[in-house]
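Asks: In case you want the letters, here they are:
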Amino acid sequence: MTEPVPTGALLDLVGVSVSYRRQGRAPVNAVLDASLHVDAGEIVGLVGESGCGKSTLGRAAVGLQPLSTGEVRFDGVPVAPLTRRARPRHLRALQMMFQDPYASLNPRRRVGAQIVDAAGLGRGEAVPRSERFAVVEAALARVGLGGEIARRYPHEFSGGQCQRIAIARVLASGPRCLVADEPISALDASAQAQVANLLALIAAESGVGMLFISHDLSVVRKIAHRTAVMYLGRIVESGTTESLWRSPAHPYTEALIAAVPEPGSGAHLPVELVGDVPDPARPPAGCRFHPRCPAKFDRCSHEEPTIVDLGAGREARCFLAAERLSAALGDPSVV
Amino acid sequence: MSDAPLLEVTDLSVRLRTPRGMRLAVDRVSFHVAAGEILGVAGESGSGKTLSALALLGVLPGGARTSGRVLLDGRDLLTLDKKALRGVRGRQISMVLQDPMTSLHPLLRIEVQMTEHVRAHLGLSADAARARALEMLAAVRIPDPAQALAAHPHQFSGGMRQRIAIAMALACEPRLLVADEPTTALDVTVQAGILRLLDRLRRERGVSVLIITHDLGVLSSVSDRLCVMYGGRIVEQGITREVLGHPRHPYTRGLMQALPGAGPAGVPMRPIPGSPPSLDSMPRGCAFHPRCDFARASCATTSPALRSIGNERLLACDPDPFAASLQ
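One line per chain: the protein sequences are A and B, in this order. Counting from 1, position 65 in the first sequence corresponds to residue 65 in our numbering; the numbering is continuous, with no gaps. Counting from 1, position 200 in the second sequence corresponds to residue 200 in our numbering; the numbering is continuous, with no gaps.
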């Protein structure tokens, strides 16, 4: 038994809560009891409005954010919060990607040197001088760029190219799991599709698991195998992307989907979800979504629903989830 | 209603001063906006869509040079002196920007920001200006307008701030609202609210809107007509439903195909290869030809003219590979 004990999931978040302490005031629970897993080669989309805690959960998944309760396991091994010491070897295969490639690349180092740095980090030792060019060329080739750009600096590239360089760098470290926080949001329309396709290809070809955090539902729909929806610190619904999109069980998921403007000839105004996301420091009593929910009833305002298992990998945190799902699927036998 | 459009832009060009000399950033752009109409301008960064809008208001970066004609109600804005232009900006045309946090002053209460220009432009008393501000905040559906007036911008969410910015832009009852990426920084749920608001304003108040965005989903839901810009030029223009339903320019078609919306999951999106050109590397001929699947030898030398192809539709593409798709 030299291999780590397989738990089924590559990245496993169990009952994760994160609270931010504030001076002189009660702490804010940015993430509350969130459970999520990512398998090898799988892309899991994490969606929600700004302030829902999706970025905090992503940071917690890679150990950038200490947990108040719960556990994150990578390959069955607990992910310890990042400290001043070097990261343990086994955690280096768990990597993070950020929204702004200009901020995540070092502006004063050549592209090639940064890729060599990452490769050295993954190997645990410096890359020998003789191999460096081959390493850089191979990494850039995987993102569709030529080795000749290795001597250039990040500012010489467009946003889409920079994000591909950032991907080349992270791939050079040999990751098995990536947490990508809004990796395409800062890019132009055509570059968004290029980078999203690239990430999907990497997951399919190299078996890299991916937690893809985005507020853009249409991209998540396109590349994620499973999707989790967050609202005010809670994961309110999760399931395979296809079925979740076709028949959302939680009213919030339904509202999010209805708000996406669909381009094309038969377009209409998107549906507005009335109200704002409440202050996470003072979440509403009962179901956190009830003040904005079109389907709310008495019980919702004083009792918080638990996660309901809807079968077929679907879960939702709503009293009406089973009812709504069966209505959506047109199956009267399920109550 | 008169037949002349509210805004008529003819051959608008903008030259920018760059470290390497003057560069043509907007190249002979023409469009019009009728009263109560929403015109969309689509394009990627560097396409010249924002510069065209800034040129309308005469607020271009230093050293920029503008030529052409911008008629608002028959008056050419490009020939106005500073003082006359000040009477137009905020009064006849007002602007809403992408980031409501930077367009609102962080240290001033909303009341100060919402009444200052109303008093200056319309000469209202403090009380009347306050009443106008309350009315506008209610019109954009800010809950409790009186309380909002006493608050500072940081006390509102992004969507609420953008509503306030729109209320401010509308306070002098402008004829034209120029909105540059008004929903790009917002969540889809909030975006839906802003788009509905714009649509309601033009129906109820007859405000014309020029909305600039790279998001074709946004344009297809609110705009009546749209212009697609690439490399500083309009490459396709027409009724939104028709342009997006049957794109005729290879670039418009490419943008539509790159969208994640259509098609089943698991099928890769089809991005346009390459990146948009920068001012220093503007290709000769048709600016899109290096990325175009349908380019011919002539595309690299001659820039295609924008020509009418019927039904208010304009196209700048000589090979015109999708001519058959439009009935």
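Treat the hints as calculated values from the structure; they're not laboratory data. Where hints are given, some of them may not hold.
Stated by the list, open to error - Computed Cβ-Cβ distance ranges for the label pairs, DEER-style:
| no. | chain 1 | residue 1 | chain 2 | residue 2 | range |
| --- | --- | --- | --- | --- | --- |
| 1 | B | F294 | A | D279 | 49 to 55 Å |
| 2 | A | H155 | B | G123 | 48 to 54 Å |
| 3 | A | G313 | B | R109 | 46 to 52 Å |
| 4 | A | R89 | B | S298 | 56 to 62 Å |
| 5 | A | G207 | B | P106 | 44 to 50 Å |
| 6 | A | P294 | B | P106 | 33 to 39 Å |
| 7 | A | R108 | B | R20 | 19 to 25 Å |
| 8 | A | G147 | B | T18 | 36 to 42 Å |
| 9 | A | P294 | B | R20 | 54 to 60 Å |
| 10 | A | H302 | B | D99 | 36 to 42 Å |
| 11 | A | D279 | B | R109 | 19 to 25 Å |
Quick caveat: nothing in here was measured; it's all calculated off a predicted structure. Cβ atoms here follow ideal geometry from the backbone N, Cα and C, with glycine treated the same way.
Asks: Give a verdict on every hint.
Replies: Results for each hint:
Between F294 of chain B and D279 of chain A the beta carbons are some 53 Å apart, a value that agrees with the proposed interval 49 to 55 Å. Restraint check, H155 of chain A to G123 of chain B: a C-beta distance of roughly 49 Å satisfies the suggested window 48 to 54 Å. Distance hint check: the CB atoms of G313 of chain A and R109 of chain B are about 51 Å apart, consistent with the given range 46 to 52 Å. Under the hint 56 to 62 Å, the C-beta atoms of R89 of chain A and S298 of chain B, about 59 Å apart, fit the expected range.
At about 48 Å, the CB distance of G207 of chain A to P106 of chain B agrees with the hint of 44 to 50 Å. Checked against the given bound of 33 to 39 Å, the beta carbons of P294 of chain A and P106 of chain B, roughly 35 Å apart, stay inside it. Checked against the hint of 19 to 25 Å, the pair R108 of chain A and R20 of chain B passes, with Cβ atoms roughly 23 Å apart. Between G147 of chain A and T18 of chain B the CB atoms are about 30 Å apart, so this pair departs from the stated range of 36 to 42 Å.
The supplied range of 54 to 60 Å is met by P294 of chain A and R20 of chain B, whose beta-carbon atoms lie about 56 Å from each other. The given range of 36 to 42 Å is respected by H302 of chain A and D99 of chain B, whose C-beta atoms sit roughly 39 Å from each other. Separated by about 21 Å at the C-beta atoms, D279 of chain A and R109 of chain B satisfy the suggested range of 19 to 25 Å.
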